[in-house]
Amino acid sequence: MSGSREATGLNHDGGQAPNGGARKAEGGSREATGLNHDGGQAPNGGARKAPGGLLAKAGPAAGAEEAPKVRRRRALLGSATDITAILLVIVALFAILDFDAFFTTANFTNVLISASLLIVMGVGATFVLITGGVDLSVGSVLVFSGVAAGEVMKAMGGQGWGAALVGIAVSMAAGAAWGVVNGLVVTKLRVPPLIATLGSFGAAQGLAQVITNGNDLKDIPYELVDNLGVGRVAGVPWLVVVALAVALVGGLVLGVTRYGRRTYAIGSNAEAARRAGISVDRHLISVYTMAGLLAGLAGIMSYAQFGSTTLSGHATDNLAVIAAVVIGGTSLFGGVGTMFGTLVGTMIPAVLANGLVIVGLNSFWRDFAVGVVLVAAVYLDQLRRRARTAR
Amino acid sequence: MTALLEARGVTKRFGAVEALRGASFAVGEGEVVALMGDNGAGKSTLIKTICGVYAPDAGEIRFAGSSIAGLSPSAVHGLGIETVYQDLALAPDLDTAANLFLGRELLAAGLLGRFGVLAKKRMAARAVQVLTDLKVAIKDPTAPVATLSGGQQQSVAVARAVTWADRLVIMDEPTAALGVPQTRAVLDLIRRVRDSGRSVVLISHSLPDVMAVSDRIEVLRLGRRVARLVTRETDEAQIVGAMTGAWTQEDAE
Ligand SMILES: Nc1ncnc2c1ncn2[C@@H]1O[C@H](COP(=O)(O)OP(=O)(O)OP(=O)(O)O)[C@@H](O)[C@H]1O
Ligand SMILES: [Mg+2]
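Protein sequence lines correspond, in order, to chains H and E.
Per this note's numbering, the first sequence runs over residues 1 to 391.
Per this note's numbering, the second sequence runs over residues 1 to 253.
FYI, nobody ran anything at the bench for these hints, they're computed from the structure.
Hints are not guaranteed to be accurate.
[Unchecked claim] Pulled a few chain H residues facing chain E out of the computed Cβ check, cut under 10 Å:
1) 212
2) 214
3) 218
4) 232
5) 251
6) 253
7) 261
8) 264
9) 376
10) 380
11) 382
[What the hints assert, rightly or not] Computed beta-carbon distance windows for the label pairs:
12) 195(H) x 87(E): 36 to 46 Å
13) 82(H) x 111(E): 33 to 43 Å
14) 213(H) x 57(E): 28 to 38 Å
15) 211(E) x 248(H): 35 to 45 Å
16) 78(E) x 195(H): 18 to 28 Å
17) 114(E) x 282(H): 45 to 55 Å
18) 245(E) x 386(H): 36 to 46 Å
19) 208(E) x 384(H): 53 to 63 Å
20) 40(E) x 282(H): 54 to 64 Å
21) 14(E) x 214(H): 29 to 39 Å
22) 57(E) x 162(H): 27 to 37 Å
Every residue gets a Cβ at the ideal spot worked out from N, C-alpha and C, and that includes glycine.
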């Protein structure tokens with residue numbers, strides 16, 4: 001198989017271990033993303049004092065009386081309005097077809113569990129795509145991080161809270177390290193993100209295989225499996241708690257902070273951001289680092305969930321993540337996107353996979369449907385852009 | 001008049017193209033200087049070299065007595081110099097307020113601000129105020145600037161520069177896309193900036209605008225300064241002559 005099966009989301013099935021089987025690094029090389037941010041140095045702008053002179057005059061906001069409801073919706077959904085409607089329609093359809101099996105808390109929990117790894121990686125990918133970049137390395141970084149954590153925990157005796165906590169830290173650190181590499185290659189060597197992260201996709205996977213000799217690590221502290229892996233708090237699985245917490249924090253950072261604002265600015269016009277004194281390179285490195293760190297977090301979550309490093313189970317995670325983020329309304333060209341959209345975009349494949357099985361259809365229809373929705377989402381994005389530039 | 005900004009013998013090449021061939025330029029305190037010249041004369045390149053977008057290949061650039069050649073854009077901002085670029089340098093997906101405060105976002109008070117939370121309301125209110133001053137009617141200040149008209153975008157860029165400049169505002173064709181009232185508003189604004197003690201560099205192809213608002217005119221031709229004129233003492237024929245090469249001032253160098 002070469003990369004002809006485009007960015008549809010594969011392999012997130014319920015709670016079982018992802019399938020083994022062949023995977024190759026040649027998957028997603030034909031995504032139309034690769035925007036690189038080249039250009040010179042740009043030390044960050046020091047904070048400046050408030051503007052004086054012409055602005056000092058008081059005066060009430062004139063044109064600001066837009067219906068607050070509309071504005072609130074725009075803030076939350078942004079480019080994800082249509083896709084949210086589609087998710088609701090899908091949920092409604094399955095609820096109509098088989099209410100008792102589908103529309104239960106237990107089933108929704110299952111759907112969330114199956115989506116939790118992708119949500120965590122999707123949060124990082126949302127930032128990366130909004131900068132106009134792309135990160136193809138996430139699935140491999142997930143595997144590598146799990147392996148790194150596994151080896152360290154094994155060296156620590158394999159059991160106990162100490163090993164568990166160190167394992168979490170090591171996994172996240174290993175992921176962040178790959179993120180730093182991605183960021184440096186993109187900004188300092190000016191290799192387009194598509195290629196830079198395709199390189200680390202192969203490299204991380206290869207190193208993980210070298211370290212383990214191709215055999216999955218299986219020993220993991222019970223403390224990790226029983227809590228992060230299959231444990232629950234107040235009835236909610238830890239995996240889901242962590243995923244939603246990451247999404248919430250990521251959404252807040254993106255939506256209300258200066259860091260988020262600058263992420264949009266760089267994706268929208270990197271040169272303008274640079275001239276405005278924003279340290280574009282440093283910001284990009286931090287974004288890739290965060291994406292790597294979250295892939296590392298997903299790595300330890302996966303290890304805890306499946307009790308195995310699932311070496312060959314994440315070859316198409318990168319495409320699944322990008323598909324989810326893009327379906328959620330984030331633009332491949334940068335500058336546009338919301339975390340809420342990413343959540344919705346992740347839930348659509350998850351709900352489809354779950355619901356199709358429940359109503360007795362072949363779950364491979366999921367891949368088909370996700371493919372269609374993905375193309376439709378990008379088409380909508382293009383329409384929006386065209387409508388805008390036509391002015 | 002002491003020179004606030006002075007460039008001497010600046011050269012800048014892009015591959016085979018020599019955009020600046022020993023260009024000189026000067027602005028005094030509280031002065032409005034028009035920088036004129038034909039298309040491709042090197043005006044935009046000169047001001048980008050001044051504000052740190054490009055580093056000069058050779059030559060000297062001094063601001064308030066110290067050399068600023070090769071500084072970064074943010075270091076130049078830090079000196080109180082702001083620029084309206086010909087290509088505007090806006091982030092099209094962000095709204096007016098976000099563009100106005102790009103790179104110097106206001107943070108919320110207290111603990112939230114420590115976490116980097118933006119003061120969106122305060123920035124939006126300021127933005128509306130500035131635009132009102134510039135007589136720019138933007139229906140929805142929360143819409144991405146890409147949805148604004150070319151002239152409205154230009155006004156946003158002008159507003160941003162004037163808002164943040166403490167000492168010198170450089171405007172590269174700030175009225176090229178503007179309607180008559182908006183152009184007048186920008187010219188008024190330039191006068192107000194000068195009256196507040198700051199200096200202005202205005203790049204424009206509009207002779208009437210230049211005659212109306214500038215104190216002096218410097219003319220660039222083929223990457224070199226060919227004339228330094230006092231607006232009150234010159235006329236359109238002389239300026240056009242300098243731009244086309246029909247007339248060269250001996251000591252303009
Ligand atoms: N980034 C660049 N790369 C290559 N050549 C450039 C670049 N920028 C400017 N030039 C060249 O330098 C010369 C001067 O260009 P510049 O933009 O400074 O002219 P200008 O005086 O601003 O013209 P206009 O009135 O059309 O804005 C032109 O010949 C242009 O082609
Ligand atoms: Mg120009």
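Now for the hints, and whether the structure bears them out:
Interface hint status for residue 212(H): violated, as the beta-carbon distance to the closest one in chain E is roughly 40 Å, over 10 Å. At its closest, the beta carbon of residue 214(H) sits 44 Å from a beta carbon of chain E; the interface hint therefore is violated under the 10 Å criterion. Hint status for residue 218(H) relative to chain E: violated, with the closest Cβ pair at about 40 Å, above 10 Å. The interface hint given for residue 232(H) is violated, since its Cβ lies 30 Å from the closest Cβ of chain E, which is over the 10 Å cut-off.
Checking residue 251(H) against chain E: minimum C-beta separation of about 13 Å lies over 10 Å; hint violated. Taking 10 Å as the C-beta contact cut-off toward chain E, the hint placing residue 253(H) at the interface holds, the least distance being around 8 Å. Given hint, residue 261(H) at the interface with chain E, holds; its Cβ is 6 Å from that chain's nearest Cβ, closer than 10 Å. Interface restraint check: residue 264(H) against chain E, minimum CB-CB distance 6 Å, threshold 10 Å, status holds.
Interface restraint check: residue 376(H) against chain E, minimum CB-CB distance 21 Å, threshold 10 Å, status violated. The interface hint given for residue 380(H) is broken, as the beta carbon of that residue sits about 16 Å from the closest beta carbon of chain E, more than 10 Å. The interface hint given for residue 382(H) is broken, as the beta carbon of that residue sits about 14 Å from the closest beta carbon of chain E, more than 10 Å. At roughly 28 Å, the beta carbons of residue 195(H) and residue 87(E) sit outside the given window of 36 to 46 Å.
Range check, residue 82(H) to residue 111(E): about 37 Å between beta-carbon atoms, so the 33 to 43 Å window is met. Taking the beta carbon of each, residue 213(H) and residue 57(E) are about 56 Å apart, not inside 28 to 38 Å as hinted. Separated by about 59 Å at the C-beta atoms, residue 211(E) and residue 248(H) break the suggested range of 35 to 45 Å. For the pair residue 78(E) and residue 195(H), the beta carbons lie near 36 Å from each other, so the given range of 18 to 28 Å is not met.
For the hinted restraint 45 to 55 Å between residue 114(E) and residue 282(H), the CB-CB distance of approximately 20 Å leaves it violated. For residue 245(E) paired with residue 386(H), a C-beta distance near 44 Å keeps the hint of 36 to 46 Å intact. Separated by about 40 Å at the C-beta atoms, residue 208(E) and residue 384(H) break the suggested range of 53 to 63 Å. For residue 40(E) and residue 282(H), the Cβ-Cβ distance of about 35 Å falls outside the hinted range of 54 to 64 Å, so the restraint is violated.
For the hinted restraint 29 to 39 Å between residue 14(E) and residue 214(H), the CB-CB distance of approximately 52 Å leaves it violated. The given range of 27 to 37 Å is broken by residue 57(E) and residue 162(H), whose C-beta atoms sit roughly 60 Å from each other.
Checked against the numbered hints listed earlier, the structure breaks hints 1, 2, 3, 4, 5, 9, 10, 11, 12, 14, 15, 16, 17, 19, 20, 21, 22; every other hint is satisfied.
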